[in-house]
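Undergrad: Chain by chain, the residues run as shown.
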Amino acid sequence: EKRLVESGGAVKQPGGSLRLSCVASGFFFGDYDMHWVRQTPGKGLEWVSVISWDGRSTSYADSVRGRFSVTRDNSKNSLYLQMTSLRNEDTAFYYCAKETHTVLQGKAYKWLDPWGQGTLVTVSS
Amino acid sequence: DIQMTQSPSSLSASIGDRVTITCRASQSIGTSLNWYQQKSGRAPKVLIYAASSLQSGVPSRFSGSGSGTDFTLTISSLQPEDFATYYCQQSYNGPRAFGQGTKVEMK
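Residue numbers (the numbering used here), protein chains in the order written: chain A, 16 to 140; chain B, 97 to 203.
In short, the hints are calculated from the structure, not lab data. There could be a bad hint or two in this list.
For lysine-lysine, the following DSSO-like pairs were computed, each having C-alpha atoms within a straight-line distance of at most 27 Å [to be verified]:
1) B:199 with A:125
2) A:125 with B:141
3) B:135 with A:17
4) A:91 with B:135
Remember, it's a predicted structure, so these values are computed and weren't measured experimentally.
Produce the entire structure from the sequences given, and follow the hints as far as they go.
TA: Okay, structure coming up:
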């Protein structure tokens, strides 16, 4: 069974830092791009970041670019999100998700599956 | 960046109803559109990828259609376990934007 387990969520003050972790099992982690998605309690989903399978390419949402950094350690089947300069609006459940892909009629398609259970980050003074 | 807009934001329906949710992209995304279901307190799970391909294990009452900028998720006969929030997501390029969600509630 493919599984993702996040950890590291905590209560932090504005301006603080935090590192989230996501450990994968049940699939060859090093073959897949990985994403972070967040969700403010009671609100919708916001895509945060993606890292390529080899860690060489990353991309971020405008709302976190320059403050968050995504990395991975394929030897440990682990994904990380380093969060700095935290703001109240970063309060959310943070999910990691595996990018699954296929080719249909010569075109590549991608979607997120599976997702972890989420870890809660609360930023408050 | 591509923006995704869903409608309605919520709807009330009864068991057995046909339910339709729409999603519009701010520019053409071909068929690079995914649908997810999220139940309260749980992580999202994919229902449909590539606009119309049913994820393995998802009941056939779920279907997706559309291309370009306009997409639809249809539940042919609503079941009790389908009360949830549904999100579309583009996977064409750039930030993988989600729609704002559609909450399906019991009438």
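Undergrad: Are the hints correct? Go through all of them and say.
TA: Now for the hints, and whether the structure bears them out:
| no. | hint | verdict |
| --- | --- | --- |
| 1 | B:199 with A:125 | 24 Å, holds |
| 2 | A:125 with B:141 | 14 Å, holds |
| 3 | B:135 with A:17 | 20 Å, holds |
| 4 | A:91 with B:135 | 31 Å, violated |
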